[in-house]
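Asks: Modelling step: build the complete structure from the supplied sequences, incorporating the hints.
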Amino acid sequence: MSHKIINPSTSVPPANAAGSTGYDYTIGPQQTLPNSSAQSVASTLAGTRSVYHESLHPGAHGAHVSVAAYAFLFQEMVSQARNASKTVSEIELRLHRHGYHIGLRLLELLKFRSSVTPGSGRSFFHKSGGPAATAGDAVGGAGSAPSGAGAGGAGSIGTAQDESLSSSITTMKRRDLRLLEVLQFVHGPVWLYLFDRASDDLVKSSERENEYMIIDNTPSITRFISSTNVQCDFFVCGIIEGVLDLASFPCTVTAHSVPEDKFDRRVVFVIRFDQEVLEREALRF
Amino acid sequence: MAIYSFWIFDRHCNCIFDREWTLKSNQSSGTTNSKQNEDTAKLLYGMIFSLRSISQKLSGEGSHNEIRTISTGKYRAHILCTASGLWFVLLSDLKQEDLSHVLRYLYSEIYVKTVVHNWFSPVDFAESDSEKRGQGVRKIRNRSFLANVERFLGPMVN
Amino acid sequence: MSANSANISASSAGSKKSLKTFSDDIWKNKTAKINAELFTLTYGSIVSQLCTDFERDFKKVNSHLSAMGYNIGVRLIEDFLARTALPRCDSFTQTSEVISKCAFKIFLNVTPQVGNWSSSKDTFSLFLDENPLSDFVELPMDAVKELWYSNILCGVLKGALEMVQMDCDVWFVSDVLRGDQNTEMRVKLNRIMKEEIPAGED
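Residue numbers (UniProt numbering), protein chains in the order written: chain A, 1 to 285; chain B, 1 to 158; chain C, 1 to 202.
Please keep in mind that the hints were generated in silico from the structure rather than gathered at the bench. The structure displayed is predicted, hence computed values, not measured ones. Check the hints yourself; a few may be wrong.
Said to hold, decoys possible - Covered stretches of chain A, going by a simulated chain C footprint (3 or more residues, C-beta under 8 Å):
hint : stretch
1    : 76-89
2    : 96-104
3    : 193-199
Just so it is clear, CB atoms sit at the ideal spot from N, CA and C, and this is done for glycine as well.
Replies: Right, dumping it as structure tokens:
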């Protein structure tokens with residue numbers, strides 16, 4: 001993720017901002033400056049933008065859908081992956097990739113939301129991007145904040161409206177720099193966000209220095225799946241790996257079914273960090 | 001309490017599951033998805049089909065009038081017809097007045113959870129047109145469904 | 001349960017209110033729930049993967065999403081009927097109400113508005129003011145004209161309705177993601193399918 005920050009391209013004709021919608025996917029979402037052009041975009045796309053901006057507010061989280069709806073979607077995703085694959089490991093790779101892209105976004109989203117002072121009014125402000133954006137320097141005025149290039153999906157547009165969400169952020173949460181901090185982040189906030197509870201355990205392997213384990217006794221999203229030959233938890237592996245990768249803790253994550261006592265669906269996620277991560281830990285601290 | 005048998009028919013008029021207990025004293029006795037029961041299944045289907053059509057005609061157009069139980073001198077049939085065209089049927093002794101809650105449980109807690117939510121199991125058991133209209137032979141064979149049915153109905157056999 | 005079902009077929013004014021109360025109760029008390037954003041993100045990941053797999057041929061993506069939806073719909077209907085115990089509808093008007101107030105509510109916790117009925121009463125629209133599939137989403141320029149981002153919903157409705165003997169066409173006519181004023185789905189009833197009868201009975 002060493003992308004250069006992409007500034008608004010001057011080659012984009014202004015008519016585009018006022019008239020049509022969408023962004024050029026080869027460039028990524030465009031930053032909108034807080035002047036007349038921002039207003040024209042905001043007014044032409046009021047419906048779209050407000051939904052889009054509001055969704056970053058911590059208050060936006062809390063909505064639910066039924067587990068049944070999610071289970072249907074998830075199973076159809078698995079079934080698509082099966083149809084498109086020749087081997088079991090290819091299926092797992094596909095599920096992993098789906099999760100990975102979610103993980104990349106989660107790190108940004110959760111860190112951003114946790115930086116907002118609780119109780120601030122609901123407002124429209126959108127800000128997300130590459131890893132640099134969360135590192136503390138991103139608390140500029142709305143619109144002037146640097147933005148990274150999201151590969152798609154969540155974009156980077158800051159639009160000042162009546163009250164910007166940035167005014168309720170005094171200090172941007174620091175990115176986790178230590179290995180244990182970032183693991184705690186996955187075990188706690190990430191799990192809490194995804195499954196409404198923290199994971200059941202976080203342990204260090206006694207055998208290998210670079211290995212950690214996150215344990216889930218009752219995995220929520222694969223509970224309807226009865227097949228044992230495909231490890232659908234690779235989707236969650238992807239999420240974990242996406243979060244850790246974007247936080248600059250490159251690793252590989254695998255899922256292992258390890259039933260214990262009354263938890264017949266218990267899953268152990270094994271996280272193996274790349275060697276460079278351990279070397280860095282040793283150097284800096 | 002005594003249950004004699006349990007049947008599921010799909011919207012293609014096929015029997016997609018049958019379980020018959022022969023000995024009260026032995027819950028695991030009897031047959032599951034048996035070839036021998038093919039004719040019985042057709043007769044049972046025919047009886048419900050006819051009575052259902054007649055009762056719906058008698059009640060007039062437009063109103064819902066599903067058949068629920070049929071009593072004979074020796075047994076009682078309890079029936080749950082879903083809007084999607086599935087029929088769940090239990091045959092019991094005459095002491096069982098109403099087993100609709102049992103049928104509903106079989107549908108929503110067992111069939112939906114182990115067949116509908118299981119992508120490895122089909123939901124349409126007719127694979128071609130020649131297997132429709134009562135001419136299909138495929139059955140629910142998924143283990144989790146079978147195990148749950150036994151666990152739930154087994155204790156009610158006696 | 002049966003009391004509620006009876007209400008559904010009662011007078012239309014009365015049933016509207018009871019259908020809402022009935023669905024709210026199922027959603028509140030009898031439904032296991034999961035973070036809606038995980039749902040949104042998972043769907044987003046599926047769509048973006050399809051765009052890559054089909055090399056940004058959005059027409060193919062649309063039809064693939066609809067096919068995925070169909071696979072879901074033929075199963076989802078059983079989950080729906082098991083939880084609601086509703087009988088078949090007496091009219092297509094009633095079907096529209098059950099879809100918006102009950103089905104959308106208990107699966108996605110939203111209630112689209114029904115409107116725009118055709119004069120022959122065989123086609124209506126669902127207006128999705130809230131759409132849990134499309135939060136966070138901004139379409140790239142090349143997709144804006146062709147991609148129906150939430151097309152999976154069309155397949156779900158088609159599949160589910162077919163299982164209760166209604167042959168329908170379902171399609172999107174507008175989407176706020178494409179810069180339109182609202183998000184509108186059309187549902188057209190082609191015919192009520194006959195129930196199968198055993199061979200030899202006709």
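Asks: Take the hints in turn and mark each one as holding or not.
Replies: Verification of the supplied hints:
Counting residues of the stretch 76-89 of chain A whose beta-carbon sits less than 8 Å from any beta-carbon of chain C gives 5, enough to reach three: the coverage restraint holds. Chain C is given as covering the stretch 96-104 of chain A, and this holds because 5 residues of the stretch bring a CB closer than 8 Å to a CB of that chain, at least three being needed. Coverage of the stretch 193-199 of chain A by chain C holds. Counting CB-CB distances below 8 Å, 4 residues qualify, and the rule asks for three or more.
Of the numbered hints listed earlier, not one is contradicted by the structure.
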